[in-house]
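Student: Chain by chain, the residues:
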Amino acid sequence: MTALEKPVTGFVTVARVGDVEPGTVRVVEIDGRSLCVGLTEDGEWGAIDNVCTHDGGTLGEGELDDNAVECPRHGGRFDLFSGRVLALPPVRPVSAYETVVDGDEILVRLS
Amino acid sequence: MTTATATTLDAEAIGRISDHLDEPDWLREHRAAWWERAGRTPAPTGQEEEWRRTDLAGLPRNGELLVDAPQLIINVPGGLRDGVILTDIRTAVRQHPELVRRFLDARQGQASHAHFWAVAQAAWTGGLFCYVPRGVSVDGTLVARTSLTDASATYLPISLIVADEDSSITLLEEVTSPDGAAGWFGGIVEIQAARGARVRYANLQQLGDGAWNVGAQRVVVGQDAIVTTLNAEVGSKVTKVGLDVQMAGPGGVSKVLGILAAGDDQQIDINTVQDLAADHTTSDLLYLSALYDRAHASFYGVTNVRKGTRQTSSYQECRNLLLSPQAGAEPIPVLEIEANDILRCGHGATAGAIDPTQLFYAQTRGLDHDAAERMIVRGFFEQVVAKIEDETIRGRVLAALAGRIGTSEDLAA
Amino acid sequence: MALPNPALTQIPDSYKYGWNDPEATSLNIAQRGLSADIVEGISRFKGEPEWMTKLRLKAYRHFEARPMPQWGADLSGIDFQDIFYYIAPTNKAVQSWDDVPDYIRRTYDRLGIPEAEKKYLAGVGGQYDSEVVYHNIREDLEKQGVIFLGTDEALKTHPEIFREYFGTVIPANDNKLAALNTAVWSGGSFIYVPKGVHVELPLQAYFRINTENMGQFERTLIIADEGSSVHYVEGCTAPTYSTASLHSAVVEIIVKKGARVRYTTIQNWSHNVYNLVTKRAVAYEDAVMEWVDGNLGSKVTMKYPSIYLLGERAHGEVLSIAFAGSEQHQDAGGKVIHAAPNTTSLITSKSISKGTGRTSYRGLVKVYPGCEKSKSTVRCDALILDEEARSDTYPYMEIDEEDVTIGHEATVSKVGSEQLFYLMSRGLSEAEAAAMIVNGFIEPIVKELPMEYAVEMNRLIQLQMEGAVG
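Chains as they are written, first to last, in the numbering used here: chain A, 1 to 111; chain B, 1 to 413; chain C, 1 to 470.
Every clue listed holds true.
Label-pair restraints from in silico Cβ distances:
hint : chain 1 : residue 1 : chain 2 : residue 2 : range
1    : C       : 386       : B       : 391       : 43 to 49 Å
2    : C       : 142       : A       : 23        : 38 to 44 Å
3    : C       : 272       : B       : 360       : 55 to 61 Å
Everything labelled a hint here was simulated from the structure, so no lab data went into it. Ideal placement from N, C-alpha and C gives every residue a C-beta, glycine not left out.
Could you put together the complete structure from these sequences and hints?
Tutor: Here it is, written out as structure tokens:
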């Protein structure tokens, strides 16, 4: 995720620097979609779908351990950057969204 | 009169129903008692096992309660005699109040649908009353049809069917409504079969594609009685019904048949209870579903063999044919067996596609894929259709399903 | 099995972490009840890396927050604050042979268990002579590159592989009891089998002699790398006495491509025990996972070994036997999740309820969309032996793929009077005849057990049928 001079087309703003504490995730509703946006302790931003593929839990209300988003319902884990499953019980990945930082805005490409 | 909706129903509105239908006091009190009970029996939250699979939030509660219920269209071949009664329930209240009063039961249907049972017992505005006196055998198939004209209305009819000792009757009930609007059809059916009675009951539901069919049925099988029920779910957007079968007297037999062909975005969710509470009783259940498009069928049925009963026999089967990639099924037959002196007890559930070999053979007979598939589905449904002894019922059910599964005449074409 | 009879003689690494007084620490955590302090204390006392301490504390938070399950058996008798979560070296829970309940002692006699083993199983005696056997086996395994250690030790000696897999199959917040186990786990087995290695000999839990042997909160992790195979066996048919009333283990198994794992458990805990276990395996392409699960003891068991079929052509089986005598409730079964095409599964469950006992089969077959050509068969049979006994079957199915074949059949019956009459007419007593019928009923699963277990199981059933014990 690199800081850019100008905003890139196709991206929308989901948060501002300071909106999210490092090491946490939150829910962002944008353009009719529900996203889980997170900032790792190392300062990297990521965004994935908000709905756990196991039983519909709200990922944005879960915890973030390093790059693993933990679903609050049954502890399933997804990678914040790729959406890959890191721990069961979910078996299907969630969609992940390209995330860039532009100035103090966090932008996500909702393709 | 100012009508109420499901949301605005209250004790006053219930009272106004009695005013409008000019009801005797005992019926007023009956309604009031059930309304009070409905208040004490809250609607399901969705956390309950039986309600997890259907989201009740979409139940249309703003339709006006249909107080001027449509006329029941009754077809009685050969006419009624020997004291047999088959009429809409409002007429029955006027003409045979003692009988209706005697059989309008104070007992609940199954626990999972208790709320809806209570509301309908308080707020019914139409329905059917059928009474067969002791020893009388009714020939032919009696048919009672309800055609709703306003799909957005809330209509909670009650069908009360009483077969006295050693009587015999075959009754087909049909309900239709137009496509389009969403309305709540919350019919309840109560069948009481006294000692030695023989009842064959079929309910053919062909509501419109926006309808929510959320209701319940209760069957009480007396000593040595034989009751066969068939529920064919063809219409509705969402069907969520609870069927409660009580084997109340020794030697009773019940056969619970269900058949459904669902497509588009239909959701059918059935809960059954087979309560074997007496010795030497038999209760068998067979539910078959064919699911197309994005349809979904859930079945959660409990067979309960009560402690201390002897020589009961029960088998519960739920079989689902999935005919499209997005169709889904959840058949969950549950056994709760508290007695060990069992003659036979078991259950089975299956879900899956048509056997490709079967499809292949059908196509080698010159049928295209769709015709072959329809033929195989009809063959699948034979397991239930063959158990329908009455020709009229069989014919009507097959005609209702023809839209999805074609008919055997198609093969000749 | 028996309570730990630990003999921690080494000074723990906890000194490094600034816990200056191991004595005091061990006394602190050797008290009843649970708190974040005790959880942290356990981790420090064991000298664990920081990530494990943090994980335990997170799991403890989840445990506190989650409500008890509202389904299944009656767990109202568990008092979480009345339990020792860590038995320090100086605490021996059972001091003498006299404390062991009569029915257990009688069963040992009838089963002909050797003296030393009896004491071991009852947690009374010292080390069992299998220590020698264990050392020999370890040498053989080491030559093949197989790792077979206690979980505590593996965390220290193989941290990378441990951390890669721990908690990926059963995460800390999966359910309340898994959260508890993740917070206070101690003991259990860690097994890693390298690619292509076939471990011929079944690895047995009681080969591992270490401080926390078959304790209350065991945590087992088994990784079978590609093309390998291993069979792990735990428990025993002889009744095992435990003063600890809550046993809540977690078992995670990863079966990689083409590998094969069988995990056999026979549990016969004393009738004061709540046995609540989470067992789950993942099976990748062409892998095979088999759970063989025998539940004979405990007051209440809730256990549903599961298999997630994540790769094409993976196969999973659960073979389950449950026996519930008076006052017992076995709530068991199996779960299979089909998450890839061409996967197959088989669940076979045989339950027997006697006296006032209750068996419940609880299972799930779930098929995700896209898993074409998958097949699953579930077969549950239950035998209710007495009037007061009870049996339930709750088979859940969620089928969201069309091109599959999924079936479930169940029967519930009693011992047939003709069968009984026939056997009795051949000179058997009623109890002997009933035992023979019951043994025949469970035979399809018993024949999958290692021989000595099978023999003991049959004898145990016979004893139960005669009513000669408990």
